[in-house]
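Student: Chain by chain, the residues:
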Amino acid sequence: MMFIKDLTCISPQKTIQEEFFGTEPIIYTGSQLKAVEPSYAEIPRSQLRRMGKSNRMATGAAMPLLEKWKTDGIIIGTTDGGMEDCHRFLNQIVKFEEGTLTPTNFVQGSPSSPAGGLALMSKNSGYNNTHSNKGLSFENCLMDADLLFIEGRAKRLMVGCVEEISQAQYKIETLAGFIKQEEISTNKLIGCGTAGAVNGEGAAMFVVDFENDGAIAEIVDSEMISCPILNDLTLKVKLLLERNGLGVADIDALMLGYSGDSNSDYWYDDFAKQLFPQTGILSFKNLFGETPSASSFATWFAANLVNGKPVPPMAVQKSVSGELKTVLIYNHYQGNQHGFVLVRGV
Amino acid sequence: MSRVVVTGIGVISAIGNNASENHNSLQKGGTGIGKAQFLNSKYAEELLFGEIKLSNEALLSRLKISVDSKLTRTELLAFVAFEEATKDAGLSKEELQDFETALLSATTVSGMVEMEAIYADANTNTEPSPFVSSYRSGAHTLQLAKAFGLRGYTDTINTACSSSANSIMQGARMLKAGKAKRAIVGGVDSLAKYTVNGFNSLQIFSDEITRPFDANRKGLNLGEGAAYLVLELEEDTVGKTIYGEVRGFGNSNDAYHPSSMSPEAVGVKGAINGALETADLQPFNISYVNAHGTGTENNDYTELHGMNQIFDVVPPFASTKSFTGHTLAAAGAIEAVYSLLNIHHQEMYPTLNWQTQMPEFEQKPLLDFVPNTEIKHVLSNSFGFGGNCSSLILSKV
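So the protein sequences, as listed, match chains A and B.
For the first sequence, the positions run 0 to 345 when numbering that gives the first Met the number 0 is used.
For the second sequence, the positions run 0 to 396 when numbering that gives the first Met the number 0 is used.
Any given hint could be a false lead.
[Said to hold, decoys possible] Which stretches of chain B does chain A cover? Using the computed rule of at least three CB atoms under 8 Å from a CB of chain A, they are:
#: 1; segment: 36–43
#: 2; segment: 73–85
#: 3; segment: 105–118
#: 4; segment: 129–139
#: 5; segment: 156–163
#: 6; segment: 199–209
For the record, the hints were derived by calculation from the structure and aren't laboratory data.
Don't be surprised by glycine CBs; every beta carbon is placed ideally from N, CA and C.
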C-alpha cells in the first residue's frame, strides 16, 4: 500500500519532543487529555496568534515534514478540526442575533481549513483533500493516498489527521453518554468498568511514499465497516489478511482501541477471542485518549514500535512474545464505525 | 481499463424534488431562487434563497424506508436523493448490503442545521436533544449506512464547495482500482442559519437573484439540496440505463488565500487540466461546461480567466446556480447530475438572469436552452474556499 518515510505526532504525550519512548508516560486524571504542544518556533508569531488550535497543531506537526520532503499532495482527516472556532461562530450568531459578524471563526471552523492552510503555507498546488468521516477519517486518507499511488499520480504524499478538544463538543459528547463522568487515572482506564471514554487531541502526520527506500515502516492495508455484527468483522479481517498473503499467526500483536468505555470495549474482547486467541494485545487510548481519528495516533505508535522503539509497559494489555514486526490495529468509534490498519516493519 | 458509468441518479433541489422535476425546470428555465419559507433566520426576510419547497415533515413522508431516529433536514435531503438514485439503478437489498458497495458522501453543514438543538446541547441542556449525535460531519453518512444496511467502505468529504465533486471522483477512482464493485456517491447541504451567517460575514451574498458571469454580478444566493449517483463498472451493467461515464477528474489546490482565488487561476487550471489528462481528452473535445459560476466577483472572473487559458475557443458554458442557488457541498453532485442530463438528453441548459458583458472577456454564458445538440463531453467545475478546486468530465457512452 505505502511506506512511511517520516512521521510526527503532537498528542497528550511528549511525542513531538521525541522524549516519549523509553520514559514514563504522562498519567492523566479526568476526561480531557490536552495536547503537549511544541513551541512552534518555526511559525511566525503573527500567524500563530491567528490560528485556531487544529490549524496550529496541524501546522506544527506537518510543516517540518513538508519543509523536509517534497510531496505531490496533502490529504487530511479530521472531524473535530476547527470545532472550537465553529462553536465560537455559532455563539456569535446567537449573541449578536445574526448581526454583522467577522468571518475568521467561520473560515477556521471548517474541517477543510488545515489541509488548505498547509497547501497555502507550503505552496503546494497539488492534490488536496479532507476526509471528515468521524471514526473512519484516517482510513479514508489511506484509501485516497493508495489510489493516487496506484494511478501513478503521486510518488510521495503528506497524510495525517488532526483533532481538537472543544468545550462545546465535549459537552455534547458528555450528554450523549460518550465521556467518562468520574475522574479515573489513565493508568487505570482500561477495564475500569464504567461508561464513557476520555477525550484526547493532537495531530499525527506521515510522509508516505510509494516505494520503500529507507522507510520507517509500511502501512500494508486497511479495511472498514459500519454498524457490523461480530461475524462481519471476522469476515472483513480474513479478507484483509488473505489479500495480503497473511495468516492469523503472522500478526505479532493486535493494537486495540480500548477506551475504558464499558458500553463498547466488549467489541475488542470478542474480536480478539474469536480470531486471535493467542496474540499479544497493545492499547493506545490510555496514552492518547479517544478522538475520531484515533487510528492515526495508533498508526504513529505502531510504526514506531515495529521500527524498534521500546513498548511502553502501559500499552501492554496481553504480553507480546518475540519480535514485533506486524501489528494489526483494530479501532471502532462509539461502536458504530470499525476500522483496521495493518502496519509492518521494513 | 473498464469504464466507470452512472446507472442511477437522484436529486432534490430548489427546482425539483426528483431528477425528472429538475430536468423539467432546467428545460423551461425557471429559477428556484426566491423567498425562503422554512429557513429559520432573520435573513429569510432580507435575502433570496434556493430553498426546497418541502417542510421536514413533507420530506419525511416521501421516504420509503422507516428510520427509528429523528433525522435532521440534511439527513432527510440525503435520504430522499439516495433512495431515488439507488432505486433508479435497480440496486437490490443484497447489492446495497454487499461488502463491495461503497458510499461516499459530502457535507459542510451536516447536523448543524439544527442550530437551536446544537446550541442547547452545547450550552444549557441537561438531557440530550434527539439530534445529539447528528451535528458532526459524517453523521448523515452513518445514518444512511445504518438505515440501508450498508457494510462496505464509507467516506464523508468536506472540501467546502467542491466537496461532492471530490466524493464522485473518489468513488470513480475506487472502482477503477478494483477497490469496490459499485459506489453511491454525492453530497448534501441544507439551508442553515450557520452557513447563512457564515457567507454573510464573507459579504458574498447578492440581494437579488444571482447573475453569474455578468459584469454587474453582486454575489451568490445560498441554496440547499442533495444528489447521489450510482457508479458501476460498464461490464456489470448489462441491460441497465447508462447516463454517462465518469471519464475525467482533476483536483488541485490554489494555495493562494483561505477564502478567495488567485488571479492567476492556479487551482482552476490545475483541476481542469487534471480532468482532461485523466480523461485523455483535448480541450476542444469538451462540448459544454457546467461552470462553478457562483456569481461572485472573484469566482466568475477567475474561472473564466482560467478557462481562457486552457481553451483556444471556450465551449458553451453556463452556471445552473442561477436555478438552484449555491448548494455548497451538494453543488458538485447536483451539477454532475445536470451534466448527465445534458448528455442523456443531448441538450444544453442556460444561465438565467444575465444582462451585461464582463469587460475583461469576450465570452458570455449560454443564455438559452438548446435542445437536440451533440453533447459528448461535459466539464463540471467545483471550487471551494481553502483553495480546493476540482473538475469532473462526464462523457457520453
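Student: Next, verify each hint and record whether it holds.
Tutor: Verification of the supplied hints:
no., hint, result
1, 36–43, "holds (count 3)"
2, 73–85, "violated (count 0)"
3, 105–118, "holds (count 5)"
4, 129–139, "holds (count 7)"
5, 156–163, "holds (count 4)"
6, 199–209, "holds (count 3)"
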